[in-house]
Amino acid sequence: MSQIHNRDSFLDNIANKLGRPRQTEPVERPKLKHTCHHEVMAEFSVDELKDVLVNYARTALGSQAIETTKAALTTTLADVCKKYCTDEDNSTDTTQAPCETIVSADPRLLAIFDPEQLDTPEHIVHIWDTKLGYGPNIEVAERAKVGIVFAEQALAESGTMVLYSQPAQGRAISLLPEASIFVVPKSHLVARLTQATAVLHEKAKKGERLPSCVNFISGPSSTADIELIKVIGVHGPIYATYVIIDDM
Amino acid sequence: MSMKTSKLKFKERIKVQMKDDFMRESVANAQTRMYTNRQIAADKLGNWEQWREMGMDIRDHVLENLDYYLHQLSENVKNNGGQVFFARTASDATNYVESIIKAKNAKKVVKSKSMVTEEINLNQIIERNGCEVIETDLGEYILQVDDCDPPSHIVVPALHKNRYQIRDIFKDKIGYEGSEDPEELTRYVRDYIRHDFLQADIGITGCNFAVAESGTVTLVTNEGNARLATSLPKTHIAVMGMERIVPTFEELDIVISLLCRSAVGIPLTGYVTALTGPREEENLDGPEEFHLVIVDNGRSDILGSEFRDILRCVRCAACVNTCPAYRHIGGQSYGSIYSGPIGAVLSPLLGGYDDFKDLPYACSLCRACHDVCPVKIPLSDLLLKHRQKMGEEKITPLAERAAVGAFNIINAHPLLWDKTVKIGATVASGLIRNGKLPLQMGAISEWTEARDLPQPDGQSFRSWFKNRN
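Protein chains in written order, with the numbering used here: chain A, 6 to 253; chain B, -12 to 456.
Please note: incorrect hints may appear among the correct ones.
Unchecked claim - Rough simulated footprint, nothing fancy, chain B against chain A, three-plus residues with beta-carbon under 8 Å:
hint: 1; stretch: 68 to 81
hint: 2; stretch: 119 to 126
hint: 3; stretch: 182 to 196
Unchecked claim - When the alpha-carbon atoms are kept at most 25 Å apart in a straight line, the in silico SDA-like pairs for lysine to any residue are as follows:
hint: 4; chain 1: B; residue 1: K31; chain 2: A; residue 2: D52
hint: 5; chain 1: A; residue 1: K136; chain 2: B; residue 2: N270
hint: 6; chain 1: B; residue 1: K372; chain 2: B; residue 2: S447
hint: 7; chain 1: A; residue 1: K22; chain 2: B; residue 2: E114
hint: 8; chain 1: A; residue 1: K136; chain 2: B; residue 2: E275
hint: 9; chain 1: B; residue 1: K65; chain 2: A; residue 2: P31
hint: 10; chain 1: A; residue 1: K87; chain 2: A; residue 2: A203
hint: 11; chain 1: A; residue 1: K36; chain 2: B; residue 2: D47
hint: 12; chain 1: B; residue 1: K221; chain 2: A; residue 2: H10
hint: 13; chain 1: B; residue 1: K158; chain 2: A; residue 2: E232
hint: 14; chain 1: B; residue 1: K95; chain 2: A; residue 2: G138
hint: 15; chain 1: B; residue 1: K363; chain 2: A; residue 2: H10
hint: 16; chain 1: A; residue 1: K210; chain 2: B; residue 2: K363
hint: 17; chain 1: B; residue 1: K65; chain 2: A; residue 2: H206
hint: 18; chain 1: B; residue 1: K(-9); chain 2: B; residue 2: E275
hint: 19; chain 1: A; residue 1: K22; chain 2: B; residue 2: K95
hint: 20; chain 1: B; residue 1: K31; chain 2: A; residue 2: K87
hint: 21; chain 1: A; residue 1: K22; chain 2: B; residue 2: R314
hint: 22; chain 1: B; residue 1: K160; chain 2: B; residue 2: E275
hint: 23; chain 1: B; residue 1: K221; chain 2: B; residue 2: K372
hint: 24; chain 1: B; residue 1: K221; chain 2: A; residue 2: V45
hint: 25; chain 1: A; residue 1: K88; chain 2: B; residue 2: E171
hint: 26; chain 1: B; residue 1: K363; chain 2: A; residue 2: T40
hint: 27; chain 1: B; residue 1: K89; chain 2: A; residue 2: K36
hint: 28; chain 1: A; residue 1: K38; chain 2: B; residue 2: G33
hint: 29; chain 1: B; residue 1: K89; chain 2: A; residue 2: D52
Read the hints as simulated data drawn from the structure, not as lab findings. Beta carbons: idealized from backbone N, C-alpha and C, even for Gly.
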């Protein structure tokens, strides 16, 4: 089966409307006239960027932001999971099923954090496992209260976590559970979208296939579709915590 | 829903809408808030004029080389393992989607918000195949549940409804029993349609910007529904207006930065999702099949016309949020899925003058929209062009054309002008009583519905000037 349909007639018509023959030679992209996008927070140290990110996440996004160290990461994550698992209104109900968490299998995350230490009778921890296939992983993610993922980059200006889909870190981990925890090393902080799109541009220029899903996530899901009143928590996660690793 | 959303005439629609006090108050409040937030975000970023200039240049460059970039985009989508369908007309596009529905024997489609799918009336085509289609953006969902009420804003489609109305619609249609609290209403929908995402055979989305260099489709959203629709179903169909494309990620940075600030006054929306082809082999979630439908549906005609600048549009609705006409008449008065200044320019171009000839007149030519447009579209100039074109094509009413023709003749002859004004002054002083004319005369009678005409003194300005003391 052909993969491209009706292209020539469609593009011939466009060229015709533009009053010239088809443009088939590579087009030279004009250089952007200004550099203001590179100048945003250009002089900031990584600690200053961190302050901007933390402040924006807390005040504008309704997210939590926690600074920790590699050594303390497991404890930090245990605390955050515990908080999410007990925040439920009906937490006094002792008969309810144990709280579950699904963790990305990104080796960079597993190198600094041992999920098994979070695994207790009240809190079951699953690791995203490609060997199990689509169904079992999605079922767990849908049941889980918390999803823990590892971010490629964090954008200070907009309080954004950048995630690349990969076999070890499926899209569903940061999507189906009610709460998302993003782990990001401080050294991954950059000023804004400009630095993130630059990475993707470099990959594309080299002819690499980009990850099928790159997500720029700023806080929990939200809407303002009813009377323009902001409601946090729609179809995506309702809660988000950014865990920044200071010594990494 | 097709582009046209009402069978009533323009002035009848306005009459209905003007009586809706809730709608008018809500639109006015929303406008003020969105306008203010946009301004704050633009000021905070700094160098806004430079950003706008780059936005305009990028969009112009793409339009000038559109055939090249669409070719590059389609090659890259193919290389990533996706399918590309170029659709000249709305029915080309819907036929293609229909063929996928049939081939997959799809029973359920989840959709995230997309204006172009509304424009081509896609939902109706899907449903006629016995396939359920669920609009999953909360605003679109409210409208769909309410028997497909037309949208009134391109970003916040259910802006004209208040929480009580929404509560009642949900009670009536989807078994809601809670309060009118927006959070409770929202959470109910979250739980109510989650299973639809998990069961759907196909996810359909629009495309805010495609990136030619990588074959990527970018979605700018907040609710997480677009992520669900493109992560869980086995097939993803993205439908894009053919002009919604940038060359590389470097330009994507600029247009997304402009779009988010202009639309909702924040640096980035909750989710900016860049999707490149179907999922890679070894990944578990994400679609196995990816189809990109590139829609012309009248856009190439615009490209070749004096209205080309309108194709720079990034659908942020900043012009809508600043327009005094929109503020008073609300979005549904436009009778098109595209409302406000952008709708008044675009609807007649895509839908023809027959249905939308009145829209270019829903404008006081104040030019506020020029100043806020992130890609510097001269919207009111384009509205004037529409009026001029309709005059030339004799679409404007005969009486109006005759009046303007007579004015042109009189205005070109000083003696005739002098006489006419003198006669006019005398006649007017004889006719106007208590600020009203005794006979109904087109625009004057409408104008005097809420105002009084001045009491004339029977002489023209010039004769008064000559005779003063």
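How the hints compare with the structure:
A count of 0 residues in the stretch 68 to 81 of chain A with a Cβ less than 8 Å from any Cβ of chain B is obtained; the coverage claim is therefore unmet, three being the minimum. Using a Cβ-Cβ cut-off of 8 Å, 0 residues of the stretch 119 to 126 of chain A lie near chain B, which falls short of the minimum of three, so the contact claim is violated. Only when three residues or more bring their CB closer than 8 Å to a CB of chain B does the claim for the stretch 182 to 196 of chain A stand; here the count is 0, and the claim is violated. Proximity of B/K31 to A/D52 is assessed by CA-CA distance (about 21 Å); at most 25 Å being required, the pair is judged to hold.
Pair hint A/K136 plus B/N270 holds up; C-alpha atoms about 10 Å apart against a cutoff of 25 Å. Using a Cα cut-off of 25 Å, the hinted pair B/K372 and B/S447 is violated, with the two alpha carbons roughly 33 Å apart. Straight-line distance between C-alpha atoms of A/K22 and B/E114 comes to about 35 Å, which puts the hinted pair past the 25 Å bound. For the hint linking A/K136 to B/E275, the alpha-carbon distance of about 18 Å falls within 25 Å, and the restraint holds.
Taking the CA atoms of B/K65 and A/P31, the gap is near 18 Å; set against the 25 Å cutoff, the hint holds. Proposed proximity of A/K87 and A/A203 is contradicted: the alpha carbons are some 37 Å apart, above 25 Å. Of the pairs offered as hints, the one joining A/K36 and B/D47 holds, with about 13 Å between alpha carbons and a cut-off of 25 Å not exceeded. A C-alpha spacing of about 21 Å is found between B/K221 and A/H10, which places the hinted pair at or below 25 Å, so the restraint holds.
Simply put, B/K158 and A/E232 have alpha-carbon atoms about 18 Å apart, close enough for the 25 Å limit, and the pair holds. Taking the CA atoms of B/K95 and A/G138, the gap is near 23 Å; set against the 25 Å cutoff, the hint holds. With a C-alpha separation of about 34 Å, the suggested pair B/K363 and A/H10 falls outside the 25 Å cut-off, and the hint is violated. Taking the CA atoms of A/K210 and B/K363, the gap is near 30 Å; set against the 25 Å cutoff, the hint is violated.
For a cut-off of 25 Å, the pair hint linking B/K65 to A/H206 stands: about 19 Å separates their Cα positions. Between B/K(-9) and B/E275 the alpha-carbon distance is near 35 Å, which puts this suggested pair outside the 25 Å criterion. Between A/K22 and B/K95 the alpha-carbon distance is near 39 Å, which puts this suggested pair outside the 25 Å criterion. Between the alpha carbons of B/K31 and A/K87 the distance comes to roughly 38 Å, so the proposed pair goes past 25 Å and is violated.
Taken as a hint, the A/K22 and B/R314 pair is broken in the structure, with Cα atoms around 36 Å apart against an allowance of 25 Å. Between B/K160 and B/E275 the CA atoms are separated by roughly 34 Å; this puts the pair beyond 25 Å, and the hint is violated. At roughly 46 Å between alpha-carbon atoms, B/K221 and B/K372 are farther apart than 25 Å, so this suggested pair is violated. For a cut-off of 25 Å, the pair hint linking B/K221 to A/V45 is broken: about 40 Å separates their Cα positions.
The suggested pairing of A/K88 with B/E171 holds, with an alpha-carbon distance near 22 Å, which does not exceed 25 Å. Straight-line distance between C-alpha atoms of B/K363 and A/T40 comes to about 19 Å, which keeps the hinted pair within the 25 Å bound. Between B/K89 and A/K36, the direct Cα distance comes to roughly 46 Å. Violation of the 25 Å bound is thereby established for this hinted pair. Using a Cα cut-off of 25 Å, the hinted pair A/K38 and B/G33 holds, with the two alpha carbons roughly 16 Å apart.
For the hint linking B/K89 to A/D52, the alpha-carbon distance of about 55 Å lies beyond 25 Å, and the restraint is violated.
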